[in-house]
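A.B. asks: Sequence:
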Amino acid sequence: MLFYGVLFVLASVVRVHVSATRGPADKYFKEFQKPCFESDKPVDLRRNVGKNQNENNRNNLGIKRLVKLNGVKTGHVQEVDLGSSRNYSLITRAMKPLIFEIPDFLSSEECEHIIKLARKSGLTSSVAGFDQTAYDGDLEQELTSIDKNAPVPAQFSFMTSFSVWDRNSDGLIDKQEIGYFTAKYALLHFGEEELKDMFHQIGFKGFQNGQITRESLKSLNIAKFVKYLEFTKNKHPRYRARFSEQTWMTKDTGKHDPVMLSLNERVVKLTKLPREIIENSEDLQVVHYGPIGHYHVHYDSTQIDDQNRNRPCCRQQHSQGCRLCRFITILYYLNDVEQGGETAFVVADNTTLNTTNLLKTTSTSLEDYLNLSLNCHKANLVVAPRKGHAIMWYNHFIDEDTGLLGEVDEYSMHEGCDVIKGEKWIANNWIIGLPSGSL
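Count the sequence shown with mature numbering (1 follows the signal peptide of the UniProt record, and there is no 0) and you get residues -20 to -1, 1 to 419, in order.
Just so you know, these hints were derived from the structure itself, not from any lab.
Take the hints with a grain of salt, since some may be wrong.
Restricting the straight-line Cα-Cα distance to at most 27 Å, the calculated cross-link-like pairs of lysine-lysine (DSSO-like) are [what the hints assert, rightly or not]:
1. K367 to K76
2. K128 to K207
3. K44 to K76
4. K128 to K231
5. K231 to K249
6. K53 to K367
7. K185 to K198
8. K213 to K155
9. K252 to K76
10. K198 to K213
11. K44 to K235
12. K207 to K185
13. K76 to K249
14. K207 to K155
Distance windows between CB atoms, simulated [as the list claims (entries may be wrong)]:
15. T331 to E256: 13 to 23 Å
16. E173 to E122: 13 to 23 Å
17. E172 to V52: 41 to 51 Å
18. K401 to D84: 17 to 27 Å
19. F142 to R366: 11 to 21 Å
On a predicted model such as this, the values are computed, not experimentally measured, just so you know.
We treat Cβ as the ideally placed atom computed from N, Cα and C, and that holds for glycine.
All chains, full assembly: derive it from the sequences and hints.
C.D. replies: Below, the structure written as structure tokens:
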């Protein structure tokens, strides 16, 4: 069932207590672990490490333990030497996950240079060119194909129950309750005008003065209602998981480019990781968001399970046979955004979020925590895009026994909030870590 499946996928994402015991929504969790890009190929970070090599040989093979910087506490500021004529401020924004902000990590000229390289390389859209007129025509055709007397599909028969909609049991379904319903069962967060448009499109006249009565609900064509929600979610870029365009700055591009070489050196010094790890990580991804551009709540790396534990790490040109091993994300803001475009960490440093409640039908947390298109600033940590600034966070724990890549830190769930006005340019620098158990 589409809507139940979507609900449980989202509910599973907000499990912030890492435990060997998995909840009933876990089987849907893998749906949330799709890569942040369309194509990638496996890369074996072990180089000459044979499959039969054990951990005792790691040091002889030149494989070093991963390291994390010391955040001390949220709000702590430390000065770091990255090899230039000045020191940089490293601000701890959260401890769970460990997140740092580095003001003026890039100069204005460097930001402009990277954007210029991206334009020259050519940007690929996550959504093909959107034609509102064509969209409206296709939607009308889909809705017209459904007979007004069409039976309610069995899996959606619960939608005919007034009590399912009327959450406060006052005998009326108000616009907030309708909005909650579409958010909960379709992950579509509609305001009043969008609700009016929806009901107009499906020919429902029972939405009056922002309310639906018990009698009016009986005339709602559930089949058309479901079709509208499905079509909107799958076809309209406003409601897709990602709406942006991007390109990749290949290692060949950066090999002779002074800006890219300088950036690489700073990353080596900032992370304190071996140069080989930095140089064998993913290419720099540059992303452009226009108005309503966004990237809904996601993780940057793949949750480890028994099915993918032994798969090689993805690097570029992804295939089904690899998994994302992004130990660190460094995100660079390449321009100032007029309005919106923040990076929101939904549960950063959270100590009170009850994941059990998120699975209850009476919980409002789905709206409050995960509808960042409407409630971006309700996330625990919201970082505004400022040209030249960078934020760095750790997507994984370090395995205490091997010193290699451990489990995903579930607090690292984040979102690129809607660009409300203007445009947004960022670059993603993903640092790959060698997974534990790969020796």
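A.B. asks: Please work out if K367 and K76 have their alpha carbons no farther apart than 27 Å.
C.D. replies: holds (25 Å)
A.B. asks: Below or equal to 27 Å on CA atoms is what counts here, so check K185 against K198.
C.D. replies: holds (11 Å)
A.B. asks: For K198 and K213, compute the direct alpha-carbon distance and say whether it is at most 27 Å.
C.D. replies: holds (25 Å)
A.B. asks: Assuming the hint says 11 to 21 Å, is it satisfied by the Cβ distance from F142 to R366 or not?
C.D. replies: Violated, at about 49 Å.
A.B. asks: Does the Cβ pair E172, V52 satisfy 41 to 51 Å?
C.D. replies: Given a distance of about 46 Å, which is inside 41 to 51 Å, the answer is holds.
A.B. asks: Holds or violated: are the alpha carbons of K128 and K207 at most 27 Å from each other?
C.D. replies: Roughly 13 Å between the alpha carbons, so the hint for K128 and K207 holds.
A.B. asks: With a cut-off of 27 Å on the C-alpha distance, tell me whether K207 and K185 pass.
C.D. replies: This hinted pair holds, its Cα atoms lying about 17 Å apart.
A.B. asks: Given the hint that K207 pairs with K155, test it: the Cα-Cα distance must not exceed 27 Å.
C.D. replies: Measuring from Cα to Cα gives roughly 20 Å; hence the hint holds.
A.B. asks: Within 13 to 23 Å: is that where the Cβ-Cβ distance between E173 and E122 falls?
C.D. replies: holds (21 Å)
A.B. asks: Going straight from one Cα to the other, do K128 and K231 come out at no more than 27 Å?
C.D. replies: Between K128 and K231 the Cα gap is close to 58 Å, so the pair fails against 27 Å, i.e. violated.
A.B. asks: Given the hinted pair K44 and K235, is their alpha-carbon gap at most 27 Å?
C.D. replies: holds (25 Å)
A.B. asks: Look at the Cβ atoms of K401 and D84 and judge whether their distance stays inside 17 to 27 Å.
C.D. replies: holds (24 Å)
In summary, the numbered hints that this structure violates are 4, 15, 19.
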